[in-house]
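Chains A and B, in that order, give the protein sequences. One point on numbering: in the numbering used here, the residue at position 186 of the first sequence is 193, and numbering is uninterrupted. One point on numbering: in the numbering used here, the residue at position 49 of the second sequence is 144, and numbering is uninterrupted.
Just so you know, these hints were derived from the structure itself, not from any lab. Even for Gly, the Cβ is constructed at its ideal location relative to N, Cα and C. Each hint should be verified, as a subset may be incorrect.
Partial pick of chain B residues on the chain A-facing surface, computed with a CB cut under 10 Å [unchecked claim]:
#	residue
1	P140
2	E200
3	L369
4	G377
5	I407
6	P414
Single-letter residue listing:
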Amino acid sequence: MKETIGFPRALLYYYYYPAWRSFFESLGQTCQVSGKTTKAVIDSGIRVTVDEACLPVKAFHGHVLSLSGACDRVFVPRLVSVEKKAYICPKLMGLPDMVRHNCKGIRQIIDPCIDMSRNSRAYIKELYATGRLFTRNPLKISVARRKAKQAYEVFVRLLQAGLTPIDAMAKQDFHLLQYFRDSGTSCNTLSRHDEDVRSPIIGVLGHPYILYDSFLGMNVLDRLHLMGAKVVTMDMLQPAVVEQAAAKSQKRVFWTIGRRLLGAGYYFLMPGTVDGCLQMSAFACGPDSFIGELLQQESARSKQKVPFMTIIVDEHTGEAGVLTRLEAFMDIVERSMLR
Amino acid sequence: MKLTFARLGNFHIAAKALFEALGIDVVLPPPPTKRTMSLGSLNSPEFACLPLKMNIGNYLEALEKGADTIVMVGGIGPCRLGLYGEVQRQILEGIGCDFKMIVVEPPQGRPDRVFRQLFEITGAQRISQYVGALRLGWSKLTAIDSLEKLALRLRPFEESKGDISFAYEATLKRIDEAGSPKEVASALENGQAAMKSACKKTDSDKPGIGIVGEVFMVLEPFANCEIEKRLGEMGVVVHRSIYLSDWVMEHVVKDVFRILRKSKLPYELARPYLCHFVGGHGVETIASTVDYARQGLDGVIQVAPFTCMPEIIAQDLLPTVSRDLGIPVMTLVLDEHSSGTGVLTRLEAFVDLVRMSRRSRR
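Here chain A stands alone, though its shape is the one from the complex (with noise of 0.2 Å):
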């Protein structure tokens, strides 16, 4: 029985689609991603949703709901936590429900709860009785889960060579040792050239769903480069430098992506490491409006002051707005290298 199974691309498909996918394949099914983020995809799932809702989970429905008619089965996945002590987002942990209630034509969800904040392999059980929809044979199963532990890694390594979530996820199908033996595996963006004139590095700081998602992020990350900027996303840095910057709040932060995001910030924030921070946040996102205090708190804090700017976005914001803001900053950045 070989069945489609639907990907919306948003939310947590930047970070774990590579891993799903293999898993779901290997187990003889069909991955069908959504297409990318329009302003249709978005209207259909502002229509649905609540205005409070923050923009991600509200282009999440548009997903889902571009993807009714086109699959068997959608997967969404109800993902509490992914290491000890610390959680996602509240938002994550209630939208099978919320997707549940609000799309209606929807035939059938995968909602696998991932949840690691008390035992780090209780995601092991749930990713059993997944499979258990697809086959009876647990060795099946188990070999699945393997495959799925393989792509993840090298997709996780490809990040840490200075790819984007959709570069690696493009690059992982072909020649992936040779392009290892090319690049190297270890993070040289940062190392800077004795140059007299070189291109300013710009650390970006933003949920996965905002940066790489070319609607909802205003393809900031590519602006940059057009400006002739080099980009580092957090995803880039090393986790061991990100965990050791983000040990420096006195509270550990209890959001994945909120330490991770606090980390990369206070190590781009250090003089000497990037010319410019920039934060891409949604408009009342809960974890981002803790996390941006202590960042402007750290960098008022600081006597070598980085340029740090934050981009807040939702479903009014427009392209030219974001344009001008992005010029400014670059200015400033060029103005601070000089110094």
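Following the hints, complete the assembly by docking chain B onto the known chain A.
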């Protein structure tokens, strides 16, 4: 040491009694005003939830009055409350305030941690003094709760508008002044008698509306634009889902002593709609709405601060609950810009709707 803490409804009465019985100077933040709100929102992140902004306002006003130590609760997430202490400390330090902040982290089944943190505040004292202080604090807390319950039940029946609120305020003051559990009990009894005598016949049928939502917004009248009082004066019996003593029992006492199991009931009630913990009071909001519908109440109002993550999930699911169980539900999302008049208009419209649906059901 001059201790202060953020205000939450009438909680300060009990907390002040507890600390003062242990011989600590307490400087209470003045009752919240417009100034509290603007001081708070001026110095807080824009998208922080309203409780954080009001807390900052409270602290600033208390520090002006001479407080030098702030006590705040911590947390383990996923609700933002757990990070309040850290963010607030950095905000106040950023402004240049001089203070010490003590963040009491949840013990998670380790009573010794709580006691160690308590010693840090109180210094070593005799056990009998702790027991006495806890008894006094607890007696005030439960007295306030039963007074509030009675006020909510009797307000729609009051003879002339404002009688119940007057008796309520006077009794609160007497409870605040009481120095022993015995005095608290007698103050409560007098207050209850005064309230009952302010009402005419209390047997006529009035519509009942339940209030659910985020704990701070439900308990703090200034933040929710006094919806309980307004509804009561419109002739509605208000049922509130959260009381302070229940909250302390559920989240403090049962967290210290893990032998007492937390109630599973909310999760069972909410299961058809929301089957996982989402932080804060998200599950409880859904569960109380289901419970009120089963009790046969005529409507439910959800109050939540703007950008509250757990309540957004609940808000998203409440229309389904409302349709399934046939109970009108309204959500009030409030922030520092909310005005009493705007809220009043919406309440009037909702009460009209509730009355109409009551009539059509009969």
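To see whether the hints hold, each was checked on the structure:
1. Nearest Cβ of chain A to the Cβ of B/P140: about 4 Å, under the 10 Å cut. The hint holds.
2. With its C-beta approaching chain A no nearer than about 9 Å, B/E200 sits inside the 10 Å limit, and its interface hint holds.
3. A hinted interface residue such as B/L369 counts as satisfied when its beta carbon comes closer than 10 Å to some beta carbon of chain A; here the least separation is about 5 Å, so the hint holds.
4. The interface hint given for B/G377 holds, since its Cβ lies 7 Å from the closest Cβ of chain A, which is under the 10 Å cut-off.
5. Hint status for B/I407 relative to chain A: holds, with the closest Cβ pair at about 5 Å, below 10 Å.
6. Interface restraint check: B/P414 against chain A, minimum CB-CB distance 8 Å, threshold 10 Å, status holds.
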